[in-house]
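Asker: Sequence:
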Amino acid sequence: MRLLDRYALRRLAGPLWWCLALFLLLYLVIDLFGHLEEFLRLQVPPAVIARYYGAMLPIIFVQVAPFAVLMAVLYTVGNLNRHQELIAMRASGISPWAIVRPLLLAGALVSGLVLCANEGLMPQATATVHALWDQYLDRPAELAKPESQRIPRSLAVFGNSGHTLIYARKFDVDAKTLEDVIILEHGQDLGLRRKIVAKSAVWTPEGWRFSHCTVLRFNSQGRLFGKAVTYERKMIPLAQSPDGLVRAERQTQAMSYHELAKYIKRAGGRGSEATRKLRVDLQTKLAFPFASLVVVLFGAPLAVNATRGGTLLGMGMAVGAAVAFYGTQAIFVAIGKGGWLPPATAAWAANLLFGGVGLHLLRRRLG
Numbered sequence: 001m002r003l004l005d006r007y008a009l010r011r012l013a014g015p016l017w018w019c020l021a022l023f024l025l026l027y028l029v030i031d032l033f034g035h036l037e038e039f040l041r042l043q044v045p046p047a048v049i050a051r052y053y054g055a056m057l058p059i060i061f062v063q064v065a066p067f068a069v070l071m072a073v074l075y076t077v078g079n080l081n082r083h084q085e086l087i088a089m090r091a092s093g094i095s096p097w098a099i100v101r102p103l104l105l106a107g108a109l110v111s112g113l114v115l116c117a118n119e120g121l122m123p124q125a126t127a128t129v130h131a132l133w134d135q136y137l138d139r140p141a142e143l144a145k146p147e148s149q150r151i152p153r154s155l156a157v158f159g160n161s162g163h164t165l166i167y168a169r170k171f172d173v174d175a176k177t178l179e180d181v182i183i184l185e186h187g188q189d190l191g192l193r194r195k196i197v198a199k200s201a202v203w204t205p206e207g208w209r210f211s212h213c214t215v216l217r218f219n220s221q222g223r224l225f226g227k228a229v230t231y232e233r234k235m236i237p238l239a240q241s242p243d244g245l246v247r248a249e250r251q252t253q254a255m256s257y258h259e260l261a262k263y264i265k266r267a268g269g270r271g272s273e274a275t276r277k278l279r280v281d282l283q284t285k286l287a288f289p290f291a292s293l294v295v296v297l298f299g300a301p302l303a304v305n306a307t308r309g310g311t312l313l314g315m316g317m318a319v320g321a322a323v324a325f326y327g328t329q330a331i332f333v334a335i336g337k338g339g340w341l342p343p344a345t346a347a348w349a350a351n352l353l354f355g356g357v358g359l360h361l362l363r364r365r366l367g
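In the numbering used here, the protein residues as written are 1 to 367.
No lab work stands behind these hints, which were simulated from the structure alone.
Treat the numbers as computed from the prediction; the structure is a model and nothing was measured.
All C-beta atoms, glycine included, are put in the ideal place defined by N, C-alpha and C.
Treat each hint with caution, since some may be false.
Restraint ranges, calculated between C-beta atoms of paired labels, are given here [claimed, not checked]: (1) Lys265 with Pro237: 25 to 33 Å; (2) Ala324 with Cys116: 26 to 34 Å; (3) Gln135 with Leu4: 49 to 57 Å; (4) Leu352 with Pro237: 46 to 54 Å; (5) Gly191 with Thr328: 41 to 49 Å; (6) Tyr231 with Thr328: 44 to 52 Å; (7) Gly327 with Ala98: 30 to 38 Å; (8) Ile49 with Asp243: 16 to 24 Å; (9) Tyr326 with Gln135: 28 to 36 Å; (10) His360 with His212: 50 to 58 Å; (11) Asp31 with Gly207: 34 to 42 Å.
When you get a sec, could you build the whole thing from the sequences and use the hints?
Answerer: Structural data, given as structure tokens:
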């Protein structure tokens, strides 16, 4: 590694750690004050609160790392510019590309750390956060459900046995209903044994009551066994209540990339709405870590090429572009989950778009 690279990385390391610590602290404080009333009303022990936020640290790190590395790059370049070190570097014949190179390397290193955290720490952290929330905070008699659970959405989860797959086009937690339901029951050899198709289902004190229901049975060779049986109303035992289905659905959020890929492969149903959303989530788990590199791609040339008087303008443009990047990524992911874009395109579109803009800026401003 060249002397200039080591110097720039040393100058960047301090601001990067401070920016990460600042964003982590801000996130924790805002979230704590947002839930403080609930913690007090439900008398959650301080040790549980500490464990809850300790488990959230990897989740927060993954979310704030791109913005933290961008702010660190902008701060470092601004300092170099303020002390006229950039002018000295250029006067000594050092190309702008050589100045930007260590900044891009830092973005790539942070992207690698986020990818490792996504795979190694996020699954257990997410599972711990959900478990603590369910145990201490998710008490229907005392605390209203979060708004996000009140929005009907599609569903694709495995039953408690691991051999029953439950699909629903629409799952309404508050109404405790399912619409356009398909239940696939598999044997120990993973062969299909029973398929249940129903127009709707509603949760009752006795369990799930299905309406306009058709039951098909299959032999060990996967062929239809007997005739299809149709019921106007039928009670079908499912281990999960509506809250149980919510918890089963959350399990996919706590999976690593490889675990979710296996889950989707096992679930099948490539064309279904629910598994399509899971495929978008799968690609997003791989695409999002590279956001740290992407924001440096378009942030570094704006900062390095700024004159002393235009430093604030360059920083403002870079921050605005980062906010636009986050918004664009969210829009593309939503479009992909809606079925308008292939999962890979939806997850990677923002990276490719803003990465391309960043490369263009590098060539135009630093070439």
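Asker: Each hint needs a verdict: does it hold in this structure or not?
Answerer: We went through each hint and held it up to the structure:
| no. | hint | verdict |
| --- | --- | --- |
| 1 | Lys265 with Pro237: 25 to 33 Å | holds (27 Å) |
| 2 | Ala324 with Cys116: 26 to 34 Å | holds (27 Å) |
| 3 | Gln135 with Leu4: 49 to 57 Å | holds (53 Å) |
| 4 | Leu352 with Pro237: 46 to 54 Å | holds (48 Å) |
| 5 | Gly191 with Thr328: 41 to 49 Å | holds (44 Å) |
| 6 | Tyr231 with Thr328: 44 to 52 Å | holds (48 Å) |
| 7 | Gly327 with Ala98: 30 to 38 Å | holds (33 Å) |
| 8 | Ile49 with Asp243: 16 to 24 Å | holds (23 Å) |
| 9 | Tyr326 with Gln135: 28 to 36 Å | holds (32 Å) |
| 10 | His360 with His212: 50 to 58 Å | holds (56 Å) |
| 11 | Asp31 with Gly207: 34 to 42 Å | holds (37 Å) |
When held up to the earlier numbered hints, the structure conflicts with none and fits them all.
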